[in-house]
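Quick mapping for you: the protein sequence lines, in order, are chains A and B. Quick note: the first sequence uses the numbering used here, first residue 1, plus one each step. Quick note: the second sequence uses the numbering used here, first residue 1001, plus one each step.
If you are wondering where the hints come from, they were derived from the structure by calculation, not from laboratory data. Predicted model only: the values in this text are computed from it and were never measured. Among the clues, some could well be false.
What the hints assert, rightly or not - Chain A is nowhere near these chain B residues, computed Cβ spacing over 10 Å in every case:
(1) 1018
(2) 1046
(3) 1050
(4) 1053
(5) 1054
(6) 1059
(7) 1065
(8) 1093
(9) 1097
(10) 1187
(11) 1250
(12) 1262
(13) 1269
(14) 1312
Claimed, not checked - Below, computed lysine-lysine pairings styled on DSSO-like, alpha-carbon distance capped at 27 Å:
(15) B:1346 - B:1328
(16) B:1047 - B:1098
(17) B:1002 - B:1328
(18) B:1199 - A:158
(19) B:1328 - B:1338
(20) B:1046 - A:81
(21) A:69 - B:1047
(22) A:104 - B:1199
(23) A:82 - B:1047
(24) A:81 - A:104
(25) A:69 - B:1037
(26) B:1199 - A:152
(27) A:69 - B:1046
(28) B:1037 - A:104
(29) B:1346 - B:1002
(30) B:1037 - A:82
(31) B:1199 - A:35
(32) A:81 - B:1047
(33) B:1061 - B:1046
(34) B:1098 - A:81
(35) B:1037 - B:1142
(36) B:1037 - A:81
(37) A:152 - A:166
(38) B:1037 - B:1047
(39) B:1324 - B:1348
(40) A:82 - B:1046
Idealized CB from N, CA, C, for every residue including glycine.
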Amino acid sequence: MFCDICGKNAATVHLTEIIDNQMNELHLCEECARKKSEEMEQQFGLSDLLAGMAELGKPVKEKEAVHAKCANCGLTYADFKKIGRLGCGECYDAFRKYLGPLLKRIHGSNQHVGKVPGKSARVVKPKTNDLQDLRTKLQLAVEVEAFEEAAKIRDQIKEIEQKQAKEAQEK
Amino acid sequence: MKLNDLMNHTSEWLKATGPNSDIVFSSRLRFARNLDKIPFPHWANKKQAEEVLLLIEGAIKKIDALKHVTIFRLAELDSVDKQFLVERHLMSLDHAQKTNHKAVAIDDDEMIAIMINEEDHIRFQVMQSGFNLHEAWEIINKIDDSLSKELTFAFQQDWGYLTACPTNAGTGMRGSVMLHLPALVMTRQIDRVLAAIAKLSFTTRGLYGEGTQATGNCFQISNQVSLGHSEDEIIGNINGIIRQIIDQENQAREIMVSKNRAVLEDRVNRSLGILKSARIISSQETIELLSMVRLGCDTGLIKDIDRRRVNELFITTQPAHLQKIEDKKLTSEERDVKRAELIRSKLKI
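So here's chain A without its partners, still in its complex pose (with noise of 0.2 Å):
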């Protein structure tokens, strides 16, 4: 069997993609494949979370950092590379510039949402909550092949979305 792409290669990989509620078999040849994983992995946003983790932001000067101090622990910003661990809370604000970056890197984030000391934590509940635990579970479901639940979470998602920019229009 060959592959249904490129038509040269013999097909070793076997693909089911799910297009409006159609399900497609495809068998293709590795190098196709590849490609083809690569683009339904942006169709369904992956790409997005890990650009996100990858987003390097704006290079430190290196010079600079390593001579950074922390005035209330003592800790340089050298010995936070060498350890990996800061030395008090304050070292958040010595190292300010360098650690958003940093941060964003890890979290793909640097706004923290959440609870405020002293405070109740449902004081800060995120609006998006349904739609991003939809986009999680697609991202498993489509990760394990569970193509018929994944069609299902998708369109659950689009059904929210559409309500979402329709009460947007209104307004």
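For this one, chain A is given, so just place chain B on it according to the hints.
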């Protein structure tokens, strides 16, 4: 409470009473917090570390929700006791090293455990049987509220709770769910599932947390990201993923029972046979075989053994537990003999 009292008690994570207990051992939430301006444990001098210990001990004693908590200073415990606490998931392996100015506080039910001066000044966890992060959240949130009235935590509006390692900053929250996934392993689907989880910024670890191998088909799945998402959102994401994995494991179990019943029955009964008759057995082999017996209980192939009894053996056969039961130090060879004895007595029908 004395440490030895725990011997007659089943750990929360092994009770097998919570939701989805056929697949999920336990759910755990852990909060990391630090005191404002005082250096983190690895950077603090002796005086500062002792000050932290006293401040946190004092706060714990004032909190009503923690009135059934007993504090143990690690410097006063011997190596078997420390390992015993690690085996019961009441503290980390890291916490058991270099024990000066460190403590662990445990409540009578072993549901709440608080580590003082581990990587952060205070790390507290709430553990629930089965798939139940929601309940764990209700409890831990209240403890955190009470602690924050007694102590001033290092916190910034934009970066949240500040931790020794930036990977924990923000909510400082780690949620972990311990799963038993024998069917996904046996049907060779587990790598695919774990790869998917990793892509979604979740980590998989073994029975004993960071750096441990997955043994006995047990997998601990945790969130990696703690900044930029609220606690609610993080818990929602973990729940979404865990539900999917439970579905996958259930499907794999159904397929095995309906299509490969003979193979499954063979593996389960051979495992039970070895456990019931072995005279010398390692902890590694024990866990692998117990996993199969548990699968037998969960799929109805074994009817006369209670799942909780199997769960308990996962922990009572561990090295420190055997030494606590015997009340003396045992060599590795002696333990293998005692372990086999214990298993035979517990599985006798």
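Against the structure, the hints:
At roughly 21 Å, the least C-beta separation between residue 1018 (chain B) and chain A is larger than 10 Å, which holds for a residue marked as non-interface. No beta-carbon of chain A is positioned within 10 Å of the beta-carbon of residue 1046 (chain B); the least distance is around 15 Å. Distance check on residue 1050 (chain B): its Cβ is at least 16 Å (rounded) from any Cβ of chain A, clearing the 10 Å threshold; non-interface status holds. For residue 1053 (chain B), the condition that its CB be more than 10 Å from all CB atoms of chain A holds, with the nearest at approximately 16 Å.
With a closest Cβ-Cβ approach of about 18 Å to chain A, residue 1054 (chain B) is found to remain outside the 10 Å limit, as its non-interface label requires. Under the 10 Å C-beta cut-off, the non-interface status given to residue 1059 (chain B) relative to chain A holds; the minimum distance is some 13 Å. With a minimum CB-CB distance of about 15 Å to chain A, residue 1065 (chain B) clears the 10 Å threshold, and the non-interface call stands. Annotated as non-interface, residue 1093 (chain B) keeps its C-beta farther than 10 Å from every C-beta of chain A; the closest such distance is 17 Å.
Non-interface status of residue 1097 (chain B) relative to chain A is upheld: no Cβ of that chain comes within 10 Å, the nearest being about 15 Å off. Look at residue 1187 (chain B): its CB is around 12 Å from the nearest CB on chain A, clear of 10 Å, so calling it non-interface holds up. Every CB of chain A is more than 10 Å from the CB of residue 1250 (chain B) (nearest about 12 Å), matching its label as outside the interface. In this structure residue 1262 (chain B) is separated from chain A by more than 10 Å, as the shortest Cβ-Cβ distance comes to about 27 Å.
Taking the minimum C-beta to C-beta distance to chain A, about 30 Å, the non-interface status of residue 1269 (chain B) holds against the 10 Å cut. For residue 1312 (chain B), the non-interface assignment is confirmed: its Cβ lies about 32 Å from the closest Cβ of chain A, beyond the 10 Å cut-off. For a cut-off of 27 Å, the pair hint linking residue 1346 (chain B) to residue 1328 (chain B) stands: about 21 Å separates their Cα positions. Taking the CA atoms of residue 1047 (chain B) and residue 1098 (chain B), the gap is near 16 Å; set against the 27 Å cutoff, the hint holds.
Straight-line distance between C-alpha atoms of residue 1002 (chain B) and residue 1328 (chain B) comes to about 18 Å, which keeps the hinted pair within the 27 Å bound. Between the alpha carbons of residue 1199 (chain B) and residue 158 (chain A) the distance comes to roughly 23 Å, so the proposed pair stays at or under 27 Å and holds. Taken as a hint, the residue 1328 (chain B) and residue 1338 (chain B) pair is honoured in the structure, with Cα atoms around 12 Å apart against an allowance of 27 Å. A threshold of 27 Å between alpha carbons decides the hint, and for residue 1046 (chain B) with residue 81 (chain A) the separation of about 24 Å falls inside it, so the pair holds.
Taking the CA atoms of residue 69 (chain A) and residue 1047 (chain B), the gap is about 22 Å. The hint holds against a cut of 27 Å. For the given pair, residue 104 (chain A) sits about 17 Å from residue 1199 (chain B) by alpha-carbon distance, which is consistent with the 27 Å threshold. At most 27 Å may separate the alpha-carbon atoms for a hinted pair to count; residue 82 (chain A) and residue 1047 (chain B) meet this at roughly 24 Å. Proximity of residue 81 (chain A) to residue 104 (chain A) is assessed by CA-CA distance (about 17 Å); at most 27 Å being required, the pair is judged to hold.
At roughly 15 Å between alpha-carbon atoms, residue 69 (chain A) and residue 1037 (chain B) fall within 27 Å of each other, so this suggested pair holds. Annotation: proposed proximity of residue 1199 (chain B) to residue 152 (chain A) holds, straight-line Cα distance about 21 Å (limit 27 Å). With a C-alpha separation of about 22 Å, the suggested pairing of residue 69 (chain A) with residue 1046 (chain B) holds against the 27 Å cut-off. Between the alpha carbons of residue 1037 (chain B) and residue 104 (chain A) the distance comes to roughly 24 Å, so the proposed pair stays at or under 27 Å and holds.
With a C-alpha separation of about 25 Å, the suggested pair residue 1346 (chain B) and residue 1002 (chain B) falls inside the 27 Å cut-off, and the hint holds. Our distance criterion of 27 Å between C-alpha atoms is met by residue 1037 (chain B) and residue 82 (chain A), whose separation comes to about 22 Å. Taken as a hint, the residue 1199 (chain B) and residue 35 (chain A) pair is honoured in the structure, with Cα atoms around 18 Å apart against an allowance of 27 Å. Pair hint residue 81 (chain A) plus residue 1047 (chain B) holds up; C-alpha atoms about 26 Å apart against a cutoff of 27 Å.
Simply put, residue 1061 (chain B) and residue 1046 (chain B) have alpha-carbon atoms about 23 Å apart, close enough for the 27 Å limit, and the pair holds. Between the alpha carbons of residue 1098 (chain B) and residue 81 (chain A) the distance comes to roughly 23 Å, so the proposed pair stays at or under 27 Å and holds. Proposed proximity of residue 1037 (chain B) and residue 1142 (chain B) is supported: the alpha carbons are some 24 Å apart, at most 27 Å. Distance restraint check for residue 1037 (chain B) and residue 81 (chain A): the Cα-Cα separation of roughly 21 Å lies within the 27 Å cut-off, and the hinted pair is therefore satisfied.
Distance check on the hinted pair: residue 152 (chain A) and residue 166 (chain A) sit about 21 Å apart at the alpha-carbon level, within 27 Å; holds. Simply put, residue 1037 (chain B) and residue 1047 (chain B) have alpha-carbon atoms about 14 Å apart, close enough for the 27 Å limit, and the pair holds. Among the hinted pairs, residue 1324 (chain B) with residue 1348 (chain B) is consistent with the structure: their alpha-carbon atoms are about 22 Å apart, no more than 27 Å. A C-alpha spacing of about 22 Å is found between residue 82 (chain A) and residue 1046 (chain B), which places the hinted pair at or below 27 Å, so the restraint holds.
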